[in-house]
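**Q** From first to last, the protein sequence lines stand for chains A and B.
Residues in the first sequence are numbered from 12 upward in steps of one, following my numbering.
Residues in the second sequence are numbered from 1423 upward in steps of one, following my numbering.
If you are wondering where the hints come from, they were derived from the structure by calculation, not from laboratory data.
It should be emphasised that the depicted structure is a prediction, and the values quoted were computed from it without experimental measurement.
There may be inaccurate statements among the hints.
As the list claims (entries may be wrong) - Derived, one-sided and incomplete: chain A residues facing chain B with beta-carbon distance under 8 Å: (1) ALA29; (2) LEU33; (3) LEU56; (4) PHE59; (5) VAL102; (6) ASP104; (7) ASN106; (8) LEU107; (9) LEU108; (10) LYS109.
Stated by the list, open to error - Quick list of the computed label-pair ranges, beta carbon to beta carbon: (11) SER101/A <-> ARG2020/B: 51 to 61 Å; (12) ARG97/A <-> GLY2052/B: 18 to 28 Å; (13) TRP1997/B <-> LYS109/A: 28 to 38 Å; (14) ALA2049/B <-> LEU107/A: 32 to 42 Å; (15) GLY2052/B <-> SER101/A: 42 to 52 Å; (16) MET2036/B <-> LEU107/A: 16 to 26 Å; (17) LEU1995/B <-> ASP103/A: 51 to 61 Å; (18) GLY2022/B <-> LEU73/A: 16 to 26 Å; (19) ARG2020/B <-> LEU73/A: 12 to 22 Å; (20) GLY2022/B <-> ARG97/A: 19 to 29 Å.
What the hints assert, rightly or not - The following residues of chain A were derived to be distant from chain B, with all beta-carbon distances above 12 Å: (21) SER15; (22) LEU18; (23) VAL41; (24) GLY68; (25) PHE74; (26) ALA81; (27) ALA105.
Here a beta-carbon is modelled for each residue, glycine too, at the ideal position from N, C-alpha and C.
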Amino acid sequence: MTLSYYLVLAAMLFTIGAVGVLVRRNAIVVFMCIELMLNAVNLTLITFARSTGTVDGQIIALFVMVVAAAEVVVGLAIIMSIYRTRRSASVDDANLLKY
Amino acid sequence: MPAEGLLAASWLLIALPLAGAAVLLLGGRRTDRWGHLLGTATVVAAFVLAVACTVQLAGLAERSADVELFTFIATGDLDVTAGLLFDPLSALFALLITGVGSLIHVYSIGYMAHDPARRRFFAYLNLFVAAMLLLVLGNSFVALYVGWEGVGLASYLLIAFWYTRPAAATAAKKAFIMNRVGDVGLALAIFIMFAQLGTTSYAGVFGSIGTLAGGTITAIGLLLLLGACGKSGQFPLQAWLPDAMEGPTPVSALIHAATMVTAGVYLIARSAPIYDLTETARTVVLAIGALTLLIGAIAGCAYDDIKKVLAYSTVSQIGYMFLAVGLGPAGYVAGLAHLLAHGFFKAGLFLGAGSVMHAMNDSVDMRRFGALWKKLPVTFGTFGLGYLALIGFPFLSGYFTKDAIIEVALDRDDVWGWVLGGIAVIGAGLTAFYMTRLMLMTFFGRARWEDGVHPHEAPSVMTAPMIVLALGSVFAGALLVAVFPLSGWLEPVFGEPEEAAHVVAPAVIGLVVTVVMAFGVLAAWLFVGRREVPVTAPVRVSPVTRAARHALYADAVNESLFMRPGQWLTRALVWVDNRGVDGAVNGLAAGLGGSSARLGRAQNGFVRTYALGMLGGAVVVAGALLAVTGG
Chain A
12 MTLSYYLVLA AMLFTIGAVG VLVRRNAIVV FMCIELMLNA VNLTLITFAR STGTVDGQII
72 ALFVMVVAAA EVVVGLAIIM SIYRTRRSAS VDDANLLKY
Chain B
1423 MPAEGLLAAS WLLIALPLAG AAVLLLGGRR TDRWGHLLGT ATVVAAFVLA VACTVQLAGL
1483 AERSADVELF TFIATGDLDV TAGLLFDPLS ALFALLITGV GSLIHVYSIG YMAHDPARRR
1543 FFAYLNLFVA AMLLLVLGNS FVALYVGWEG VGLASYLLIA FWYTRPAAAT AAKKAFIMNR
1603 VGDVGLALAI FIMFAQLGTT SYAGVFGSIG TLAGGTITAI GLLLLLGACG KSGQFPLQAW
1663 LPDAMEGPTP VSALIHAATM VTAGVYLIAR SAPIYDLTET ARTVVLAIGA LTLLIGAIAG
1723 CAYDDIKKVL AYSTVSQIGY MFLAVGLGPA GYVAGLAHLL AHGFFKAGLF LGAGSVMHAM
1783 NDSVDMRRFG ALWKKLPVTF GTFGLGYLAL IGFPFLSGYF TKDAIIEVAL DRDDVWGWVL
1843 GGIAVIGAGL TAFYMTRLML MTFFGRARWE DGVHPHEAPS VMTAPMIVLA LGSVFAGALL
1903 VAVFPLSGWL EPVFGEPEEA AHVVAPAVIG LVVTVVMAFG VLAAWLFVGR REVPVTAPVR
1963 VSPVTRAARH ALYADAVNES LFMRPGQWLT RALVWVDNRG VDGAVNGLAA GLGGSSARLG
2023 RAQNGFVRTY ALGMLGGAVV VAGALLAVTG G
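Construct the complete structure from the given sequences, taking the supplied hints into account.
**A** Here is the structure:
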C-alpha cells in the first residue's frame, strides 16, 4: 500500500473544499465544501491509522463524523432562517456583523 | 531657665491680639460697632502685659525665661517644640511692637473712622501684632519663620486693604512676591540647620554652630541675610517697600516703618552667634547696609510723594541698622538703639503724614501742600520733632543713635572703617537734605492747595498718639544711650560690652555729623525753600535727579534681569508643555485611535474574507511548525 496516493487524494479533496469555501457564494455549497474538507481530513486520519496499525486515527475520524453531523444540523438550521429573512442563500448578503 | 509667674503667661502676649483678630474676622458685621475698640484693647492689654513681663525679667538673676508650650512637629528625627524665649532682646521688641502698636491702633480709630471696612482693618492689624510678637518671642527659627510668614501675610492684606484700587492690589502682590524671594533664603537656612545640626531652637543651634564647617556657617549666614533683606527692604530687594505705601497710613507707620521691616535687623541680631563665626557673611551685611543707606537716601531726595519720601527714608535708616549689626558685638547694641529710636520717630512721622493727608483730601503730592504749619499746629509740632530726631539734631534721638553707629564703624580702625563711617556721614547729610525738603514743601512756603481743600487739624484721638511718639522721638535716644544704656540691658544676649578705644573722640564725631547735617539743611533751603515750588515736577532735570526719581532704576533692573527672563522661561515651559508633553500624550492617543479605526476596516462582514484569513493563518502555522521541526 502506497501511502502517498491516499494522502495526495486527501490533499486534493481538501484543496477543492478550501477553494470552494473561498470562492462560492451559495451558503449550501460553502457548507458542502466544508464537509468535503472534513472528509479529506478523515481520509488522512484513516490512512495513517491503517499504515501504523493503530486505532487512534479511526476513533478520531468517528468523532469528526459525529461533530460534522451535529454541525450540519445547526448549520442548515441557520441557513434556513437566514434564507427566510433575506430570501437569499448568498453568504455575501449576510454581512451586517462588521466594523 | 524655665519661666515662672507672669513670664509663664507670656504666651498671652500673642494670644490676645490673635483672639482679637479671630473675633473680628469671624464675628462679621455684628462686631462692626465695637470692633475697633476690641482691637485696640487687646493690643493695649498686650502692652501692659509686656511691661509687667519685662519688669519681672529685669528682676531675674539670669534675665532669660523659657516658656515651653507644646510639641509642634514630631516625626522621626524631626522634633520641634513650640516655645517662647523671653530675654532682653525679645522683651525690647515686644515693648516696641505693643507700645507703638497701641498708639497706632488708637490713631487708627480716628484715621479709619469713615471707612466702611474699619473692623476688617483692625482685625488685620491685630493679626499683624500677633504674628510679629510670635516672630520676636519664638524660641526657635521655626517659630520665627511662622511669625515671619504671618507678618508677611498681614502686610499683604493691609497693603491691599483698599483692594479695589489697582495700584494697591499690584503693590501688595509686589511686596508679597519680593518677600517670598527672601523667605526662600530663610527657609533654606533653616533646612541646613535641620540637616546639619538636627535642631532649630536658638539654644541648640547657637550651642553647636561652632562644630560646623566654615563654609556651611557662611552659607547659613548669607541665606539668613537674604531673608532679612527681603523683609527689611534692603538691597537688592528694596523695591517693594516704597510701593507698600499704597496701604492706609497707620499700616505704613506700624508695619512698614516701626516694626515689621526691622524684623531683618532682629534676625541678624538674634543670629549674632552665627555671624560672629563668619567674617564673609558679616562683610556682606555691612556692604548691603552701606549700599542701601545710600540708595534710600538718594531716592528720598527726588520723590514728591510724602509717603514715598518717608518710605525711602525707612529703607535708608534700616540700612544704618544693617551697617551697625554687621559691625559685630558693639554694633548690635548701636543698631538696636537706632531701631528703637527709629521706631518712635518714623512712626510719628508717618502718623503726621497721615494727618496731613487727612487734612488734604488724601493727597500725597507735596507739590500741592505748603504753608500748612498755621493750619495744622499740632501735626507741625510733632512732625517737626520727629524730623529733628531723624536728621540727628543735637541731643534728640537720632543724634545719639546714629552717632553711635558711626562711632562703632570708625572704631574698626582700618580703611573700611573710614569708608563705612564716611558713607554713614554722607547718608546723614542726605537725610538732612531730603527731610528738610519734605518739611519745606509741606509746611512752609506758599499754599499750593488744590481747589476745595480746607485743611483742618485732626481729632484728638489722632493727635494724642502723635504727641506721645514725638516725646519718644525726643527722649528715646538719650534714654537708651546715655541714661539707661541699652548695652547693659542687652548684656545677657550679646555679652559684656567692651570699652572700645575710640579712634575719633565721640564729641568730634558729633560735631562733624552736626556740621554735615547743617549743610544738608542749608542745601535743601537753597534748592527748595528759597524758591517757588512748581506745582508740577520739572521735566528738564539732570540725569542724577532723573535716576533718583526712578529710585536708581531698581524696578527697571528687576524687570529686565528677573521678570522678563522669568516670563520667557514660563512661555518656553508653556510651549514645551503644550507641544512636547501634551503633544506626546495626545499624539499617542490619536495614533492609537486612528490605527484602530483603520484596522477595524478589516472586519468587513464577508465570511469568505474571514475564511481566507483562517486559511492563511493555518498555512502560516503549519509552515512555521515544519520550519521548526526541520520538516
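**Q** Now look at each hint and say whether the structure bears it out.
**A** Hint by hint, here is what the structure shows:
1. Because the closest C-beta pair between ALA29/A and chain B is about 6 Å apart, less than 8 Å, the hint holds.
2. Interface hint status for LEU33/A: upheld, as the beta-carbon distance to the closest one in chain B is roughly 6 Å, under 8 Å.
3. A distance limit of 8 Å between C-beta atoms decides the matter here; for LEU56/A the minimum to chain B is near 16 Å, and the interface restraint is violated.
4. A distance limit of 8 Å between C-beta atoms decides the matter here; for PHE59/A the minimum to chain B is near 16 Å, and the interface restraint is violated.
5. At about 5 Å, the closest approach between the beta carbon of VAL102/A and any beta carbon in chain B falls short of 8 Å, and the interface hint on this residue holds.
6. A hinted interface residue such as ASP104/A counts as satisfied when its beta carbon comes closer than 8 Å to some beta carbon of chain B; here the least separation is about 10 Å, so the hint is violated.
7. Here the hint on ASN106/A is kept, as its CB sits about 3 Å from the closest CB of chain B, short of 8 Å.
8. Annotation: interface hint on LEU107/A holds; nearest CB of chain B at approximately 6 Å, less than 8 Å.
9. Below 8 Å, beta-carbon pairs count as interface contacts, and LEU108/A has one with chain B at about 6 Å; its hint therefore holds.
10. With 8 Å as the threshold, the beta carbon of LYS109/A comes within range of chain B, its nearest partner Cβ sitting at about 3 Å, so the hint holds.
11. For the pair SER101/A and ARG2020/B, the supplied restraint of 51 to 61 Å is violated, since their beta-carbon distance comes to about 28 Å.
12. Checked against the hint of 18 to 28 Å, the C-beta distance between ARG97/A and GLY2052/B comes to roughly 50 Å, which is inconsistent with it.
13. Evaluation of the 28 to 38 Å hint for TRP1997/B and LYS109/A yields a failure: the beta carbon distance comes to about 43 Å.
14. Here the CB-CB span from ALA2049/B to LEU107/A is close to 39 Å, well matched to the stated 32 to 42 Å.
15. A hinted range of 42 to 52 Å for the beta carbons of GLY2052/B and SER101/A is consistent with their spacing of about 45 Å.
16. As the Cβ distance of MET2036/B to LEU107/A is approximately 20 Å, the hint placing it in 16 to 26 Å holds.
17. Our hint of 51 to 61 Å for LEU1995/B and ASP103/A holds, since their Cβ atoms are close to 58 Å apart.
18. Between GLY2022/B and LEU73/A the C-beta distance comes to about 42 Å, which lies outside the given range of 16 to 26 Å.
19. Against the hinted window of 12 to 22 Å, the Cβ-Cβ separation of ARG2020/B and LEU73/A comes to about 46 Å, which falls outside the hint.
20. The hint said 19 to 29 Å for the Cβ distance between GLY2022/B and ARG97/A, and at roughly 25 Å that hint holds.
21. Consistency note on SER15/A: stated as away from chain B, and its beta-carbon is indeed over 12 Å from all of that chain's, at 16 Å minimum.
22. Consistency note on LEU18/A: stated as away from chain B, and its beta-carbon is indeed over 12 Å from all of that chain's, at 15 Å minimum.
23. Non-interface status of VAL41/A relative to chain B is broken: a Cβ of that chain comes within 12 Å, the nearest being about 8 Å off.
24. Distance to chain B confirms GLY68/A as a non-interface residue, since its nearest Cβ pair spans about 19 Å, more than 12 Å.
25. Taking the minimum C-beta to C-beta distance to chain B, about 20 Å, the non-interface status of PHE74/A holds against the 12 Å cut.
26. No Cβ of chain B comes within 12 Å of the Cβ of ALA81/A; the nearest lies about 20 Å off, and the non-interface call holds.
27. The Cβ of ALA105/A sits about 7 Å from the closest Cβ of chain B, inside the 12 Å cut-off, so the non-interface label is violated.
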